[in-house]
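The lines below spell out each chain.
2 protein chains.
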Amino acid sequence: MVGRLSRSERLVAMTKYLADRPHSIVTLSRFMELFGAAKSTASEDVAILRETFDNLDLGKIETISGAAGGVKFIPFLAEEEISRVSKWLAGELSSPTRLLPGGFIYMTDILFSPRHVWKAALIFATRFCSLSPDCVLTVETKGIPLAFMTAWALNVPLSIARRNAQVTEGPLVTINYVSGSARRVETMSIARRAIPEGSSVLIIDDFMKGGGTAHGMVGLVREVGAEVAGIGVLIETAEPREKLVNDYLSILVLEGLDEEAGRIFIRPTVERLS
Amino acid sequence: MVGRLSRSERLVAMTKYLADRPHSIVTLSRFMELFGAAKSTASEDVAILRETFDNLDLGKIETISGAAGGVKFIPFLAEEEISRVSKWLAGELSSPTRLLPGGFIYMTDILFSPRHVWKAALIFATRFCSLSPDCVLTVETKGIPLAFMTAWALNVPLSIARRNAQVTEGPLVTINYVSGSARRVETMSIARRAIPEGSSVLIIDDFMKGGGTAHGMVGLVREVGAEVAGIGVLIETAEPREKLVNDYLSILVLEGLDEEAGRIFIRPTVERLS
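Residue numbers (the numbering used here), protein chains in the order written: chain A, 1 to 274; chain B, 1 to 274.
Calculated from the structure, these hints are not laboratory results. Errors might be hidden in some of the hints.
Since the list gives no way to pick one copy over another, a pair counts as held whenever it fits inside one copy or between any two copies.
To be verified - SDA-like mimics (lysine to any residue), calculated; alpha carbons at most 25 Å apart, straight line:
(1) Lys87 with Ser179
(2) Lys72 with Ala19
(3) Lys60 with Arg98
(4) Lys87 with Thr187
(5) Lys209 with Asn164
(6) Lys72 with Thr41
(7) Lys39 with Ser8
(8) Lys87 with Arg98
(9) Lys72 with Trp88
Keep in mind it's a predicted model, so treat the numbers as computed, not measured.
Let the hints inform the model, and build the full structure from the sequences given.
Right, dumping it as structure tokens:
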């Protein structure tokens with residue numbers, strides 16, 4: 001509580017407060033206490049916020065009525081913005097300078113860049129928020145920032161499957177899986193207590209070729225007695241068309257690359273997103 | 001541009017816009033264009049924002065004059081808030097249920113929890129922003145969310161050193177280092193292009209015992225011809241007192257634990273933070 005504030009001050013402070021707490025219910029009495037405002041005043045403020053967020057596509061402000069009620073900010077991108085962001089990401093990743101010997105693409109700068117990752121995570125948060133997952137799961141290492149930002153936008157914890165059992169996390173659940181690209185049997189583990197039994201898990205990863213890794217994570221989720229809410233990957237390859245998992249959402253498709261001409265063909269996944 | 005907005009709408013939208021873009025300069029003309037406002041009006045809005053952010057400790061709004069000028073949001077925690085957050089983190093991590101066989105502490109839920117990590121990252125952003133680092137460096141895996149959120153708050157890219165050389169990142173720089181705790185020679189690598197020569201690097205990690213891993217990262221930074229801006233760790237152990245690096249900042253100190261009584265002693269690092 002900082003004394004009585006003007007409407008302008010309250011709107012600025014409320015916006016910041018909510019933007020910092022996605023998917024958290026903030027009670028009206030919390031706002032009244034924070035800003036020294038009467039209930040009717042705080043309600044009016046919230047109405048202005050909701051309308052402005054709506055009109056300007058800043059996300060959604062949801063009001064929840066009842067005893068446990070309050071206000072909630074839901075990060076949400078409009079369809080045009082999703083399309084714009086997807087094209088922008090496709091453009092950035094198609095740069096010829098990214099081509100590495102052996103037909104690999106250098107993507108770590110994008111995958112570890114806060115502003116790129118945040119936008120991609122907002123796409124996942126928009127697509128998956130109606131499924132209300134209890135947590136996000138990824139496997140180390142490159143997809144961690146993306147999975148973490150998705151978890152942040154959905155206000156749920158992140159779990160990270162490790163490729164080597166770690167002694168410092170207590171009892172583990174370990175599975176073997178066949179990596180789709182390398183056709184090797186690999187291992188991933190997760191701390192037993194990282195995913196509660198019965199919870200609904202959103203799987204997020206940066207890249208999907210054969211789908212072996214995602215399939216492995218699905219196995220891990222089932223092994224701990226939880227269920228898969230959905231699977232999201234930043235980029236899938238066009239080939240092979242048949243993946244080891246069926247139901248997933250990608251933001252981009254890697255159509256292929258021409259090593260001699262130094263070209264990379266990446267496009268937004270229009271079909272699946274619409 | 002969405003048509004003329006009222007002051008209330010502009011303040012809400014500007015706050016959201018700036019909060020989503022920490023440490024980015026937004027020009028006044030961008031605001032004028034976005035909200036259909038005259039220059040004088042936009043200037044007044046910014047003045048209200050700056051004052052409100054200041055008065056309510058929401059971070060800093062900096063105005064930059066000149067041709068390349070504009071407005072910048074700088075995430076920043078007040079000293080009381082840093083102290084409050086540090087105590088809260090210490091309390092969460094001291095819970096007896098975290099004690100694992102062998103004297104380990106289960107911390108991954110906190111390290112992967114968006115709301116905890118965000119607060120800790122804001123402490124680092126507050127402490128290190130005056131050093132204007134060009135990027136943040138960490139080593140996989142547990143410290144990645146914390147390092148990424150620090151990078152997000154400072155609006156710089158993250159680089160992640162890998163424990164295994166990855167074939168898909170192009171030319172690598174690899175060093176050997178002695179892990180302080182295990183007294184083993186270990187290896188870490190980073191893509192040559194991940195850290196530009198001459199850049200100033202902020203090293204962030206979750207845990208420091210002997211300081212061997214941080215020392216290794218310092219070596220990696222020097223090897224690529226960059227320099228260390230600072231080192232931040234979430235928790236350091238009280239013993240050994242002598243670390244392999246001298247100049248670092250920790251948020252918490254693990255004083256020790258009593259396995260029989262099931263107690264963990266973690267406190268905020270008061271000396272170093274004040």
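Results for each hint:
In this assembly of identical chains, the alpha carbons of Lys87 and Ser179 never lie at most 25 Å apart, being 29 Å within a copy and 43 Å across copies at closest. In this assembly of identical chains, the alpha carbons of Lys72 and Ala19 lie at most 25 Å apart whether taken from the same copy (9 Å) or from different copies (17 Å). Taking the shortest alpha-carbon separations for Lys60 and Arg98, neither the intra-copy value of 36 Å nor the inter-copy value of 37 Å comes in at or below 25 Å. Proximity of Lys87 to Thr187 under the C-alpha cut-off of 25 Å is found in neither arrangement, the shortest distances being 35 Å within a copy and 38 Å between copies.
Within a single copy, Lys209 and Asn164 get their C-alpha atoms as close as 22 Å, and across copies as close as 21 Å, so both meet the 25 Å cut-off. Proximity of Lys72 and Thr41 under a CA criterion of 25 Å is satisfied intra-copy only: 18 Å inside one chain copy versus 30 Å between copies. With identical chains, the CA atoms of Lys39 and Ser8 are at most 25 Å apart both within one copy (17 Å) and between copies (19 Å). Proximity of Lys87 to Arg98 under the C-alpha cut-off of 25 Å is restricted to the intra-copy arrangement: shortest distance 17 Å within a copy versus 44 Å between copies.
In the homo-oligomer, the alpha carbons of Lys72 and Trp88 lie at most 25 Å apart only across protomers (24 Å), although the nearest pairing inside one protomer, at 29 Å, exceeds that limit.
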